[in-house]
Each structure stands twice: as C-alpha cells, then as structure tokens.
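Residue numbers (the numbering used here), protein chains in the order written: chain A, 1 to 314; chain B, 1001 to 1156.
I should point out that these hints are in silico values taken from the structure, not numbers from a laboratory. Fair warning: there could be bad hints in the mix.
In silico lysine to any residue, SDA-like type, Cα no more than 20 Å apart, as pairs [said to hold, decoys possible]:
{"id": "1", "chain 1": "B", "residue 1": "K1129", "chain 2": "A", "residue 2": "S229"}
{"id": "2", "chain 1": "B", "residue 1": "K1124", "chain 2": "B", "residue 2": "A1072"}
{"id": "3", "chain 1": "B", "residue 1": "K1129", "chain 2": "A", "residue 2": "M49"}
{"id": "4", "chain 1": "A", "residue 1": "K5", "chain 2": "B", "residue 2": "G1071"}
{"id": "5", "chain 1": "A", "residue 1": "K9", "chain 2": "B", "residue 2": "A1072"}
{"id": "6", "chain 1": "A", "residue 1": "K5", "chain 2": "B", "residue 2": "E1031"}
{"id": "7", "chain 1": "A", "residue 1": "K55", "chain 2": "A", "residue 2": "A15"}
{"id": "8", "chain 1": "B", "residue 1": "K1002", "chain 2": "A", "residue 2": "N84"}
{"id": "9", "chain 1": "A", "residue 1": "K5", "chain 2": "B", "residue 2": "R1020"}
{"id": "10", "chain 1": "B", "residue 1": "K1005", "chain 2": "A", "residue 2": "E7"}
{"id": "11", "chain 1": "A", "residue 1": "K27", "chain 2": "B", "residue 2": "P1021"}
{"id": "12", "chain 1": "A", "residue 1": "K5", "chain 2": "A", "residue 2": "N25"}
{"id": "13", "chain 1": "A", "residue 1": "K10", "chain 2": "B", "residue 2": "K1129"}
{"id": "14", "chain 1": "B", "residue 1": "K1129", "chain 2": "A", "residue 2": "N84"}
{"id": "15", "chain 1": "A", "residue 1": "K55", "chain 2": "B", "residue 2": "E1091"}
{"id": "16", "chain 1": "A", "residue 1": "K55", "chain 2": "B", "residue 2": "V1145"}
{"id": "17", "chain 1": "A", "residue 1": "K9", "chain 2": "B", "residue 2": "N1119"}
{"id": "18", "chain 1": "B", "residue 1": "K1002", "chain 2": "A", "residue 2": "L224"}
{"id": "19", "chain 1": "B", "residue 1": "K1142", "chain 2": "A", "residue 2": "L224"}
{"id": "20", "chain 1": "A", "residue 1": "K82", "chain 2": "B", "residue 2": "T1016"}
{"id": "21", "chain 1": "B", "residue 1": "K1124", "chain 2": "A", "residue 2": "R227"}
{"id": "22", "chain 1": "A", "residue 1": "K308", "chain 2": "A", "residue 2": "L224"}
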Amino acid sequence: MILPKFEYKKAENIAKAIAFYERYNGKVRYLAGGTDLIPLVKLRLSTPMAIIDLKGIEELKAISHQGGWLLIGANVTLFELKNNDTVREYFPALYESLDATSCETLQMRGTIGGNILQDTRCLLYNQSLEWRTARGFCFKMGGETCNVVPNARACFSNYCSDNALSLMALSASVKLAGPQGERKMRLEKIFSGDGRNPFTLMPGEVLTEILIPMKRSKGAYKKLRVRDSIDYPLLGVAVSIKGNTGKVCVGGIGPTPLVYNLKNINDSTFKDVAEKAYSDARPVSNTTLSPDYRKKMVSVLIQRASKKVLQEGK
Amino acid sequence: MKTMKVTFRVNDEKVTLQVRPYETLLETLRERLDLIGAKEACGMGACGACTVVVNGIPLRSCLVLTPEVDGASVTTVEGLRKDGKLHPLQEAFMEKGAVQCGFCTSGMILTAKALLDRNKRPTKKEITKTISSNICRCTGYKKIVEAVEEAAKKSV
C-alpha cells in the first residue's frame, strides 16, 4: 500500500522534536519504530503533514539504575529490553510480556515507548479508507456511531499493548516532555478511558522514559492469541507480586486496562480477583474471537498466571 | 513535495538517491534499484516477505521510510551471493526443498541470516521462534527449519 504525502524530519534531541511539532502547528506524528504508526498512515487513519523521527535522540536509548528505579529510555527496543539482565532477574512479568509481543523481528524494531502509546484497535477500524468509507465512519474516525455495537455511546476499541500491562502490574511511572515542560505520572494515568482518543497526553508531548521501582518481583504474563507469533493480544493478563502485595492487570479488552491491587495475598485472593475481573470485563465483537470466549478467558488466564507466580516461590 | 538526498550502502555498494520523504525502503529497493528479491505481500509489517537486513537487524522494509536508512548498510537477498557462490543458507534451502512458491523465501533467508550472524549454533527451538516472524502459506515450516539447521552446521 502506498503512503500518503508527508515530510520527514529527524530530531536530534527532544527540544528539536517539540520545535518541529510547533513549526507544523501540531500536524505531525512522532515516529519511533514505526510498526504501529506506518500501517495507520498507510490506511489513512492518520494523515500527518510531517513525520518526526525520534530514533536519532541518543538520550532515549539508555537503560540505567538511579535512586531505587530502573530507568528505561522510550526508544529502547523491545528485543534489547527483553535481553536485559535486570529485567530478566527482577521483573519476570515484563520479560514474559516482551517475549510475547508480536515476533522477534518486530521486537527488534518496535520500541517500548511506541508499544505503550500504540493506538487502540478494532476489527472495523484498522481497515483501508475505501473499506471504511463504504461502511460509514465510526466514533474513532470522527463519525457519530459505533459500527460494532448499535446505539453505543462510547468507543470499544481495544488497547493492545502487552507490555503496558506488565509495567502497570510493576507500578511503573512514565516521564513526558512537551511544549508545556516535563512531567511524571503513574502509567495508569495515561489512559483517558475513551477509545476515540485513548491517552491523556497533551498535544505535542513525547514519552521519554519509563521508571520501574527496583524491587525483585515474581510475575507472569499470559496472552490470548490465535497464532503464537506476529499477533496482537485478544486478551492479556499480567500478574506481579512483591512479598504479600501485588497487582493484576487485564488488557486487550476496551481502551483502558483494568488494574486490581492485591493485599495480604492468600489462597483465595486470585480466585476473588478472577471473579471480579470476569464481571468487570466488557468485550464486544470487535476482534477475531467471540466476546463470550474472551470474557471466559479473563478468569482462566488470571488463574493460570497466578498458578505460575505462586509456584515460583516454592 | 521536495525530494530528499539519501546515501546508504546496499549489498556493499554505496548509493546516493533523491527519494520522496514518504517512500518506503521496499519501494526504493524494488523500483529505483531493481532489487526485487524483497517482496510486498501484506504491506503492513505482518508477513515478513519484505524483510531485509539493515545494520545487522532484520527489518520489514515496507514499514521503513527510506530517509530513515540514511547512512545505514542494507543487505538484500541479492547480496548474499559472494564470488559467484551462493550463501550456505541459499544452498540449504535448495537442498532441503524448503521452497514451494518462493514468495516468502527471501524474507525467510534474511531473517535466518540475521539469526546465524548473532548466534552461530541456534537450537531448533530458537530457529522455530525466529522463523515464526515470517509467514509461509504453502510449505509449512518444517523444511525451512531443517534448512536453517543445515546451513548452521555447514557454516561453522
């Protein structure tokens, strides 16, 4: 498929990237690995005037330890992060989600920042312009209806990052830089809850760094997929525990992942969370698997993940 | 729209081109340089038929903008033949019958080459995992995995 016209600019630092953003009056998209962005542009789901390449920004490529945190630059590739010793040793949930992301070749290109900020997906959204025009535009394309759920008032597109789930289970935070300056917030806070515009990022902001508290954890990531390679999660469950507290994060259903805090973990904790998540999850028929099946699998995957996490300690 | 000057190496030869900023590496290779080994199938980064190796890393060339590879070194399947002799991977693919329609083959070979370059003796499991990055719709993967194993043995 042929790309629409746009200009290409390479930024050497974050200030330059933001300057480009302002020069084009915000009609730009930031490019990291491009594994999510380029298909969106090819499908005319995004039509920027210019693409600002962030891959030349050296400071976004580093992994370091500082003051009880592991700092991960947003441009670190998924493959590089997966092979990082600290990640393997301290954050097994993150290691497993990185390993489950797409396939090796795309892991070598895709970055952790881009993976977190990927657009939400829907079977009736990620289609060519001709296909979408024939069907009629939905909420997410600027229309006034949802093509999946008749008379719906919200967009049900699914957030398909594997790694954001495990990062949230690990209580990660993110650093953002934009025209208004820098800010830091908990990863949960970047979700707006609205599939049309899934993130709370302000216009022009760049995700620069991911921070994970350096505490050894036990964890697991379970993904529902049909092919075992090159596919997005149809449901993802991340579990991470430290001592007798922890978190369970469920994603791939709707635009915002569900997060459950665990305290005083005992034999019934995960069963309770599985039941709660089962009743909270609201899948609709916008993926290749039926909503009923995905809903049932929520509690199944939570129990599978918990089994693995609890066995690890023995 | 203005074109951009891009200089990079393709199969050890330096090329300088004026390209459109919205041109993919796959288009540049196929249409400007006549290197038609990389194929376009899905065009969305899913299938891997367009895989080329850029600075040692296998990439989907349909997702890479040509200006992004400025200064880089690109290897396509045409560049594997050295002094009139095929690469061990190419030999092994023929020997083991790992090719049926052949559309995915160049991508498979380049993905495997990048694997063998970073890991001289991969296990069968590692090969299977790496090769799962590419889609083959006719042979099944058994013979492809066998061919990569064979090539790994030969090149050591």
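Against the structure, the hints:
1. B:K1129 with A:S229: It holds: about 8 Å lies between the C-alpha atoms, which stays within 20 Å.
2. B:K1124 with B:A1072: Given pair K1124 (chain B), A1072 (chain B) is violated - Cα atoms ~31 Å apart, limit 20 Å.
3. B:K1129 with A:M49: violated (38 Å)
4. A:K5 with B:G1071: With a Cα-Cα distance of about 23 Å, the restraint between K5 (chain A) and G1071 (chain B) is violated, given a limit of 20 Å.
5. A:K9 with B:A1072: holds (17 Å)
6. A:K5 with B:E1031: holds (18 Å)
7. A:K55 with A:A15: Holds - the C-alpha atoms of A15 (chain A) and K55 (chain A) are around 14 Å apart, at most 20 Å.
8. B:K1002 with A:N84: violated (41 Å)
9. A:K5 with B:R1020: holds (9 Å)
10. B:K1005 with A:E7: Distance ~13 Å between K1005 (chain B) and E7 (chain A) Cα, so the pair holds.
11. A:K27 with B:P1021: Roughly 16 Å separates the two Cα atoms, so the pair holds.
12. A:K5 with A:N25: Holds. K5 (chain A) to N25 (chain A) sits at ~17 Å (cutoff 20 Å).
13. A:K10 with B:K1129: Status violated; Cα separation ~33 Å.
14. B:K1129 with A:N84: holds (19 Å)
15. A:K55 with B:E1091: Measuring from Cα to Cα gives roughly 36 Å; hence the hint is violated.
16. A:K55 with B:V1145: violated (33 Å)
17. A:K9 with B:N1119: violated (35 Å)
18. B:K1002 with A:L224: Violated, because 45 Å separates the two Cα atoms, which is more than 20 Å.
19. B:K1142 with A:L224: Status violated; Cα separation ~25 Å.
20. A:K82 with B:T1016: violated (36 Å)
21. B:K1124 with A:R227: holds (19 Å)
22. A:K308 with A:L224: holds (16 Å)
Violated hints for the displayed structure, listed by number in ascending order: 2, 3, 4, 8, 13, 15, 16, 17, 18, 19, 20.
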